[in-house]
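**Q** Chains as they are written, first to last, in the working numbering: chain A, 5 to 455; chain B, 5 to 455; chain C, 5 to 455; chain D, 5 to 455.
No lab work stands behind these hints: they were computed from the structure. Hints are not guaranteed to be accurate.
As the list makes no split between identical chains, a pair holds if one copy fits it or if it spans any two.
[To be verified] Below 25 Å or equal to it, Euclidean Cα-Cα: the simulated PhoX-like pairs (lysine-lysine) are: (1) K17 / K330; (2) K330 / K424; (3) K17 / K298; (4) K424 / K333; (5) K9 / K41; (6) K298 / K350; (7) K249 / K333; (8) K92 / K324; (9) K350 / K9.
In this text the structure is predicted, and so the values were computed from the model without any measurement.
Number of protein chains: 4
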Amino acid sequence: MTMYKEQLLPIEKVFRDPVHNYIHVQHQVILDLINAKEFQRLRRIKQLGTTSYTFHGAEHTRFAHSLGVYEITRRICDIFARNFSIEKIGPGGWDENERLVALCAALLHDLGHGPFSHTFEHIFATDHEAITVEIITSPETEIFQILNQVEAGFPEKVASVITHEYPNPQVVQMISSQIDADRMDYLLRDAYFTGTEYGTFDLTRILRVIRPYEGGIAFSYSGMHAVEDYIVSRYQMYVQVYFHKVSRSMEVMLEHLLDRAHELYQETPEIFALHSQLLVPFLRGQFTLADYLKLDDGVLTTYFIQWAEESDRLLSDLAKRWLHRKPLKSATFDEDRQLPLIEELKLLVEKAGFDPTYYTAINSSYDLPYDFYRPKSGVHRTQIELQQNDGTLIELSQVSQLVAAIAGEITVDHRFYFPKEMIDRDRSANYDLFSETYQEFTAHIHNGALI
Amino acid sequence: MTMYKEQLLPIEKVFRDPVHNYIHVQHQVILDLINAKEFQRLRRIKQLGTTSYTFHGAEHTRFAHSLGVYEITRRICDIFARNFSIEKIGPGGWDENERLVALCAALLHDLGHGPFSHTFEHIFATDHEAITVEIITSPETEIFQILNQVEAGFPEKVASVITHEYPNPQVVQMISSQIDADRMDYLLRDAYFTGTEYGTFDLTRILRVIRPYEGGIAFSYSGMHAVEDYIVSRYQMYVQVYFHKVSRSMEVMLEHLLDRAHELYQETPEIFALHSQLLVPFLRGQFTLADYLKLDDGVLTTYFIQWAEESDRLLSDLAKRWLHRKPLKSATFDEDRQLPLIEELKLLVEKAGFDPTYYTAINSSYDLPYDFYRPKSGVHRTQIELQQNDGTLIELSQVSQLVAAIAGEITVDHRFYFPKEMIDRDRSANYDLFSETYQEFTAHIHNGALI
Amino acid sequence: MTMYKEQLLPIEKVFRDPVHNYIHVQHQVILDLINAKEFQRLRRIKQLGTTSYTFHGAEHTRFAHSLGVYEITRRICDIFARNFSIEKIGPGGWDENERLVALCAALLHDLGHGPFSHTFEHIFATDHEAITVEIITSPETEIFQILNQVEAGFPEKVASVITHEYPNPQVVQMISSQIDADRMDYLLRDAYFTGTEYGTFDLTRILRVIRPYEGGIAFSYSGMHAVEDYIVSRYQMYVQVYFHKVSRSMEVMLEHLLDRAHELYQETPEIFALHSQLLVPFLRGQFTLADYLKLDDGVLTTYFIQWAEESDRLLSDLAKRWLHRKPLKSATFDEDRQLPLIEELKLLVEKAGFDPTYYTAINSSYDLPYDFYRPKSGVHRTQIELQQNDGTLIELSQVSQLVAAIAGEITVDHRFYFPKEMIDRDRSANYDLFSETYQEFTAHIHNGALI
Amino acid sequence: MTMYKEQLLPIEKVFRDPVHNYIHVQHQVILDLINAKEFQRLRRIKQLGTTSYTFHGAEHTRFAHSLGVYEITRRICDIFARNFSIEKIGPGGWDENERLVALCAALLHDLGHGPFSHTFEHIFATDHEAITVEIITSPETEIFQILNQVEAGFPEKVASVITHEYPNPQVVQMISSQIDADRMDYLLRDAYFTGTEYGTFDLTRILRVIRPYEGGIAFSYSGMHAVEDYIVSRYQMYVQVYFHKVSRSMEVMLEHLLDRAHELYQETPEIFALHSQLLVPFLRGQFTLADYLKLDDGVLTTYFIQWAEESDRLLSDLAKRWLHRKPLKSATFDEDRQLPLIEELKLLVEKAGFDPTYYTAINSSYDLPYDFYRPKSGVHRTQIELQQNDGTLIELSQVSQLVAAIAGEITVDHRFYFPKEMIDRDRSANYDLFSETYQEFTAHIHNGALI
């Protein structure tokens, strides 16, 4: 009788996927993991949170993304097995025994994501990576039970890939490095569902030049431009999609809304007990894994619908603005010089009748598009290595002008957020009373920046 | 001062759309309608309901679809205005004064959709088309207020397009006929998001051959094959996506789940008052438009998460099966011959411990891919007309062999649904006790059909 | 030492291909065949002959198509080897020893095509299939020498696949049947390069459902709609691209031009000896394989450029019309009724100053989109079989309404071609003299058909 | 009666195009130009010359590209007319009277291209731009006659756009600048037909942000990343497609082949008179426009087929290598240091039996991906300007890190070409005799570069 870990489906099962065409499932283990209830929950968590408020196609879920990361990993394993197996090329080659742990880690790496990830984590002090590990290693979950059936200790092995502690760097870098299955899937998927073309790079070409070596994963030197193109696409997605000012505005409002609820709970917990039961453990600051697994994007939104009718003016107004998509407006500013000006502007906002704590915000986006190893910096990212004909490695930014231009440089976008009413003359209910404040405020904004 | 109805945005506003590339908004009225809260709600209603359980990419919303229908209508108006204006070609030409009413009707035609449309409507006796009309014509809605600002009576005018009572057949057929902007958008959009290619037809070519005439909308004879290809694509989407047995299984379960809740509410209304407040008006059978507008897919799912923990075994089990995606299995059957057999099979299901009322179902899918006018049948669809060089019209199925093959024929798929446990030996908890029933049941299924 | 037939390239070689993304070459034999001079000649033969005069993107070559057919065959072999090897499933399974002969036959099946295939064949009585076999089996060719190095008799084995005499029906049907690698590649490729979408079907899905059986190749019953979609796409490509009236007009003119040259050669061979040397063996009616292999599309066109300056008025005028793309016009007609009318029209054409032999033509396009086995008809095509769960086969048109609608029906388009001058009033040099003939002629054409 | 220049087609005519979907022709003038024989000749000139030897899909022609440039220009005119007409926005706005001259110049800008452009020009001292102007302004051409019918002097006006002498910088920059309709079409078209994705940028987005100003054409600041993406795509196409070492090898061989013919003509002109008549005027160094217009890719290749059989060993061998695609191999080198080494290597090539004049070459590719205005350099390119909300302009590389990284930097690739036999042990006929030379030569090549 075949052991569970080696049990292959008699007929390969597929999931139709717009990005990879088909997701191919060959192991019973993988199929069981997909059918586990903790994995099915990911259908109810959007991949891009508030981005769908800017790009209306971006409703895709963590479920779809997780299948995609699994599929890319599976394809890499196939290529490694065919061309670079350890039996064939010796040390530095791929050990086919690593396949299952790699596939499981790829599939499960995002399991702990909650609703509106970063915002929620920030307000309620949760940590999706720690929760991922917890789901994988807690005996009560279906995920644990499936993995444990593979062999004792297997859940911990899968978790160690996710925490970067797994000994084989090839497996770790497949799932997590500057060019891994996770990033490759999300760039292609987010580009597809937003309808932008910036994130499109040539995955088949990358897969043609990827290869294992003793220190992890490298790329054939001849594929340098394919890798370069991936880095540039990633950069473009950050500045144009992930940093989009309107999505960030919706995040800012979500944060203020949850903040207000948190604050209000201290005063009047009973109103939340009435209609926001699933959120109460988090408002109270005591929650179990089971509590966490009941949350999703729709649960929070359901509560917002009810908050919109609450008597607390702030809670109600913020909930309505969020539900009806009324984002704050914004302008860029210079962090070194203009913080005092922002304080002045907040006073004007207050004068116009808006509590600046809830109706203004500073929000900064950061990304490091690519980095090489710098012993003295705090950053220790796995750099991207290109392998020459003779086997020697060269770090990517050494040979790519384009990558060198953005390597090690943090891309930042600082924005000050404020109510649309401050600059929208027609919309101000009582413009006459308000005209002086309006003129003072708008005088400080030119070409989209504070002046 | 420009009247509101003629107010054009100084700079055209666009929404990035994966299907049409850009949605172009030129009128202030249209922008205001999109920003109205009743329209924003459509972001929280999936276009395809339970289909995302089969095709994981299909998370797209009624919001996106509504923008798409608007955009196709806008492009048709542009083509009509450029080439076939009534000033230019006389009677049968396009009257540019109809543009705004057409655009508004296109944008708003799905406004009344609720969560999981047909299932919900069936259980709670709502009607999305009537509600669409109600939203458009009720003075309390933002939509009404915007439309009424265009001119008195304009909301009713827009509503009359949706109810097919508007006098100009060109406008009505643009939004609703056998080849209209609604169908063209959903076929392309559903194909894109499911990742199937069946729904793909050549929209630009259809738009090249579309033309107005006195009786409505026709297509140039030279574009016959483009129209034919659209009909075939539509047929393929129905049989392969919309009729998919797994999506229908999830619908069946949803129906049983809501049914059980409805029933239980009669006995113990208090448990729903505790955690399913927004649904109570519907369980009780008395709801207002405001109640309706608070519902969305996420609200229902939030309640299902709570029902999963209720003490009623049926409610809890059905909720879990739905949340964790455990569809019923199915087999096709012959409606004329096999209804008695189904009664027998239900007894076996009962013997195996499942209440057949909640764990079995008969579900039939019907579609009429295309029909021509048949005075004696009850059906009076607007047939598709091709216009020859000399202006005369020919009905499509007269000249297309492919369309003739499926015209007037209702495509049906009858299925009997039952628990997976009935045919899944490994999964049956106590196979020994159960083996006889199992063998009797499985003996009646061969090549996916009852025998 | 590895035998030549088993010699795999150390690193797989790829060709970038717009249709299949990459063509993967793994055997030294295949790489050598591609580099053989007889195969490189295919770069100079267009896949679609005169179609590029209608669809200007359609400049793709027999070289690209041949690589594509090879690639699809390679993918089928991979799938068969992985899932349906004879070791695994027994009789009816795939024997991996057949791979190389299948790949070679796929790659080489079009080797004998000459310039403007059918027209040239018709005038000069050549036969591209016979020449393909000759190239493969003649000791003087590079192709033969490479194949013969595999093993003695291998060239004949490859040739026998092309002539359908090879014993294994799986190999024969892979290359030649109603749904083979040849047709699948040309539909996708012609759709891509013409820029039409009609030929697009879902190749990956077809490959998912293809399977070997003892009688050849079948498709899983669950993939019925994918196969149906392929048949419909093929039908659409025929009626819209391959039968296009303008491409056929250019073929008609090419035929008349070569005819005139053939005729003229009998009278004055010396003018062709001066500038059309490579064509002389064919005009004379005695040619060797080496003569044939020197011809390509460009050679003929070079001679047309020179013929345009010859003193023979007919040769010169036809050459110019061809080079400068001045197609004849056409109208459809009813073969049973209207042949006498055509004779009348030819007289009018003659009256207008055009020799009807060279300036008019009857041209009919035929295609049989799909056929099943009919013992009494002359046609014995391999019908498309669907395989049910229990292994039994059903013929496609038994279950597909769409396929049934076009199965066994020959699609025909009869056209009468004549000079544009006959219906183009503005272009007629001396309309006054000509007006009566013009009016008589045009009175017989209505809605694009003869009346 | 409508003047010819204003004559619009009653029904817009379209050409199906894989890149732009449809090319829309609205003016009778444009249709007549497309049908002119000098324009039809472009069907027989490949856009990318020898690149199809590397990317087998790249068979597309100057004809298709010219239609594409016309179509992009037409779309720009439409956008300018709708949003930025001079009547609407005053000075700096678009004058609709410029449309026809812009469209004609766009369509005709490549009219003078000959076979294998740059190589041919180099050997025979022709100049395609001068010939373009000559075709447009010579009374004997059909093109001239059509343009002159628009109005006297119109041909010269169109020609002046091509020579950059036309007074309106908007029209000139539309056709010729660092981001013009010409470049935008060839990047997209070459990417499509080669099957690479590097050249893909978002044309619709560029067209959304393009706008006229007094100094020419600018782009909205908000579209900075779209323009940046175009520059990066262009850079990628250069380094990966246009600079491809194999295509350049084929160019090198073509140059040597034509060189040898040129040389041989001085000695034995009679052999060319026999079979290469159309080339004789060029070999002789005296040709007319009519001679030039008879040449195309196929004419040259026809002669190569005949040269392959000539008794001159060099001419014959080079012709065969070209026809059968036997490229020279290459290695990169350092121009400053390694020229002496190359002289040594040439001696080894000679020792191995190959004349270094014909069997080796130095070939360098240069491109300046983008440049800004630098008063002191010789280069005066029109820099790309971004327009801010307040109307002020900023040069692109001031705000784009990626563009700054490649701006003003010439990308170079120096390669030394030599016979494959020098490094291909298996292929060397007499390796024993040759082994010492082989070892000496190969010792100087490492990781694809000379050492």
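**Q** With reference to the structure, classify each hint as holding or not holding.
**A** Structure-based check of all given hints:
1. K17 / K330: between (44 Å within a copy, 17 Å between copies)
2. K330 / K424: Answer is within: at 8 Å inside a copy they meet the 25 Å cutoff, but 46 Å across does not.
3. K17 / K298: The answer is neither: 29 Å in one copy and 39 Å across copies each exceed 25 Å.
4. K424 / K333: within (5 Å within a copy, 53 Å between copies)
5. K9 / K41: within (20 Å within a copy, 51 Å between copies)
6. K298 / K350: neither (38 Å within a copy, 34 Å between copies)
7. K249 / K333: within (8 Å within a copy, 46 Å between copies)
8. K92 / K324: For K92 and K324, the Cα distance exceeds 25 Å both inside one copy (63 Å) and across copies (40 Å).
9. K350 / K9: Neither. Shortest intra-copy (60 Å) and inter-copy (37 Å) distances fail the 25 Å Cα cut-off.
Against the hints set out earlier in the document, violations occur for numbers 3, 6, 8 and 9.
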